[in-house]
Amino acid sequence: MIDLDRVSKQYEKGQPAVDEISLHVDKGEFVFVVGESGAGKSTLIKLLMKELEPTHGIITVNGYVLNTMKHRQIPKYRRQIGVVYQDFRLLPEMTVYENVAFAQHVIEAPAREIRKRVPEALREVGLAEKYKSLPRQLSGGEQQRVAIARAVVNRPKILLADEPTGNLDPRNSLEIMKLLEKINEKGTTVLVVTHNKDLVNRLGKRVITMHRGAIAHDVEEGSYVEA
Amino acid sequence: MKLSSFGYHVKQGFKNIGRNKMFSIASIATMTACIFIFGAFFSIIMNVNAIRTDLEQRVGVTVFMNEGVTDDQMTQIGDQIKAIDHVTSVTFTSADEAWSQYQEEYFESNPALAEGFSDNPLANSANFTVLVDKIENQDAVVSQIKAIDGVRQVNQSSGAATTLKSFNRLFTMLSVAIIAVLLVVSVILISNTINVGIEVRKDEIGIMKLIGATDSFVRAPFVVEGLILGLIGSVIPMVILYFGYNALMTKVLTKFGFLSSMSGVLLSVKQVFVYVGPVSLILGLGIGLTGAIITVKKHLQV
Chain A
99 MIDLDRVSKQ
109 YEKGQPAVDE
119 ISLHVDKGEF
129 VFVVGESGAG
139 KSTLIKLLMK
149 ELEPTHGIIT
159 VNGYVLNTMK
169 HRQIPKYRRQ
179 IGVVYQDFRL
189 LPEMTVYENV
199 AFAQHVIEAP
209 AREIRKRVPE
219 ALREVGLAEK
229 YKSLPRQLSG
239 GEQQRVAIAR
249 AVVNRPKILL
259 ADEPTGNLDP
269 RNSLEIMKLL
279 EKINEKGTTV
289 LVVTHNKDLV
299 NRLGKRVITM
309 HRGAIAHDVE
319 EGSYVEA
Chain W
-10 MKLSSFGYHV
0 KQGFKNIGRN
10 KMFSIASIAT
20 MTACIFIFGA
30 FFSIIMNVNA
40 IRTDLEQRVG
50 VTVFMNEGVT
60 DDQMTQIGDQ
70 IKAIDHVTSV
80 TFTSADEAWS
90 QYQEEYFESN
100 PALAEGFSDN
110 PLANSANFTV
120 LVDKIENQDA
130 VVSQIKAIDG
140 VRQVNQSSGA
150 ATTLKSFNRL
160 FTMLSVAIIA
170 VLLVVSVILI
180 SNTINVGIEV
190 RKDEIGIMKL
200 IGATDSFVRA
210 PFVVEGLILG
220 LIGSVIPMVI
230 LYFGYNALMT
240 KVLTKFGFLS
250 SMSGVLLSVK
260 QVFVYVGPVS
270 LILGLGIGLT
280 GAIITVKKHL
290 QV
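Protein chains in written order, with our numbering: chain A, 99 to 325; chain W, -10 to 291.
No lab work stands behind these hints, which were simulated from the structure alone. Every residue gets a Cβ at the ideal spot worked out from N, C-alpha and C, and that includes glycine. Treat each hint with caution, since some may be false.
The calculated label-pair distances, taken between Cβ atoms and stated as ranges, are [said to hold, decoys possible]:
| # | chain 1 | residue 1 | chain 2 | residue 2 | range |
| --- | --- | --- | --- | --- | --- |
| 1 | W | A22 | A | G161 | 52 to 62 angstroms |
| 2 | A | G126 | W | E188 | 33 to 43 angstroms |
| 3 | W | K191 | A | R210 | 26 to 36 angstroms |
| 4 | A | E134 | W | K0 | 38 to 48 angstroms |
| 5 | A | H154 | W | I271 | 47 to 57 angstroms |
| 6 | A | E151 | W | V174 | 36 to 46 angstroms |
| 7 | W | K0 | A | K280 | 26 to 36 angstroms |
| 8 | W | E188 | A | R234 | 20 to 30 angstroms |
| 9 | W | F232 | A | R253 | 36 to 46 angstroms |
| 10 | W | V(-1) | A | V317 | 24 to 34 angstroms |
Chain A on its own, in the form it takes in the complex (with noise of 0.2 angstroms):
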């Protein structure tokens, strides 16, 4: 599903962001991405949603070569990833149900389907009576939940999470990670990269743990180890 070989991105001069990795995330598999800060994985983040180009390797999603990918191709392989990040970012103004909604806006799906899909993704995240609510009137578990509910409503194949956890309290942040288990367990595979140690260790599952934009480790069942 996720194919990374010898990938390499550099800003500028000096030490790469990422430096020469290769990994293999299967479909249906739920993985972490830890690491101090700077060790390269919102980069990594990026390179997946080709928001950046790679310097040197190949990165294939999906069946898709990121590399040789035309720019009127990306919109359709993005609909195919559903992604979340730490500040939410969730358009003010809109409430639940539109920040839902403007995914499926956004990719043109009939005014039925939206009818229908959003209530649903709602419910799946457990805001459904939530709908008219504005983001600032939700905490910032709400918020997070309203993200992965307009990350999964266009039913992606994938769903990338950037620290979903960084802005939030335990109990909130368990919740956000059983939540993303969750869809996971319904067939999405789920890329998390997060800074929290003691979720991690929790969960159990595979842990990628990236430093100075290199893999140092990567466990099955795994546990948070500081490179």
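With the hints as your guide, set chain W onto chain A.
Below, chain W alone, put in the same frame as chain A:
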């Protein structure tokens, strides 16, 4: 872009306008001024042209014959004149008719004065009045008439029509210059408005792109915004012009006294709006679209 998204884009376009009210109002106001001036100048030009055409059709060439020309020869000369290209009508006035017309015109208030003439003092003034289709063809026709055997003199009176033509040319050039400047200002203002919209929606656009929006989907609301601004900016001045047309034209044509003395007849508002309406609408939408496309291309690297 799918048809199902059309309503969504229109809604977003209106939202953009609402978000940048001040910029939108400024754009609409400039467009309104631009298109109003365009419409007003266009209407004036159309009216002046109508007056000119009317005048041209009434400005004749008078052809006098040599002394002693017989009636048969006069008929032949008339036929030769009729055969010249661009001649639309040839009217014969005999010496007696010329004298009667003269008396009517100058001695109407005092007929006794005319009685002092025992013979026709205009005995050699039998003439043809020749009308030409366009004023610019008059010189060519006159030179051909002069070449006809038996023609003594040809009088032209194209001065008024020529003056009007020069005036109209000057007025058109002035209008084009003013409208061109206003067009550029309008496009720049619309571009600024849309640019502000793009800045305000930067986060939203970023999310759209990550979710998988196509380039045309990201651009569409801004193009719709430009078109809406263009539409409003062309409808407002057209409504003002439609209802203020008669007052405006009367005032403008009165300012140029020689125009009103030449023809008191204005084209009807409907005659003018058949052209001004669609052209203004296309102009407004064109300005909106151009402003949007330039800005989106420059600031929206999607």
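Verification of the hints:
no.: 1; hint: W:A22 - A:G161: 52 to 62 angstroms; verdict: holds (56 angstroms)
no.: 2; hint: A:G126 - W:E188: 33 to 43 angstroms; verdict: holds (41 angstroms)
no.: 3; hint: W:K191 - A:R210: 26 to 36 angstroms; verdict: holds (31 angstroms)
no.: 4; hint: A:E134 - W:K0: 38 to 48 angstroms; verdict: holds (45 angstroms)
no.: 5; hint: A:H154 - W:I271: 47 to 57 angstroms; verdict: holds (53 angstroms)
no.: 6; hint: A:E151 - W:V174: 36 to 46 angstroms; verdict: holds (41 angstroms)
no.: 7; hint: W:K0 - A:K280: 26 to 36 angstroms; verdict: holds (34 angstroms)
no.: 8; hint: W:E188 - A:R234: 20 to 30 angstroms; verdict: holds (21 angstroms)
no.: 9; hint: W:F232 - A:R253: 36 to 46 angstroms; verdict: violated (56 angstroms)
no.: 10; hint: W:V(-1) - A:V317: 24 to 34 angstroms; verdict: violated (53 angstroms)
The structure is inconsistent with the numbered hints 9, 10, although it conforms to all the rest.
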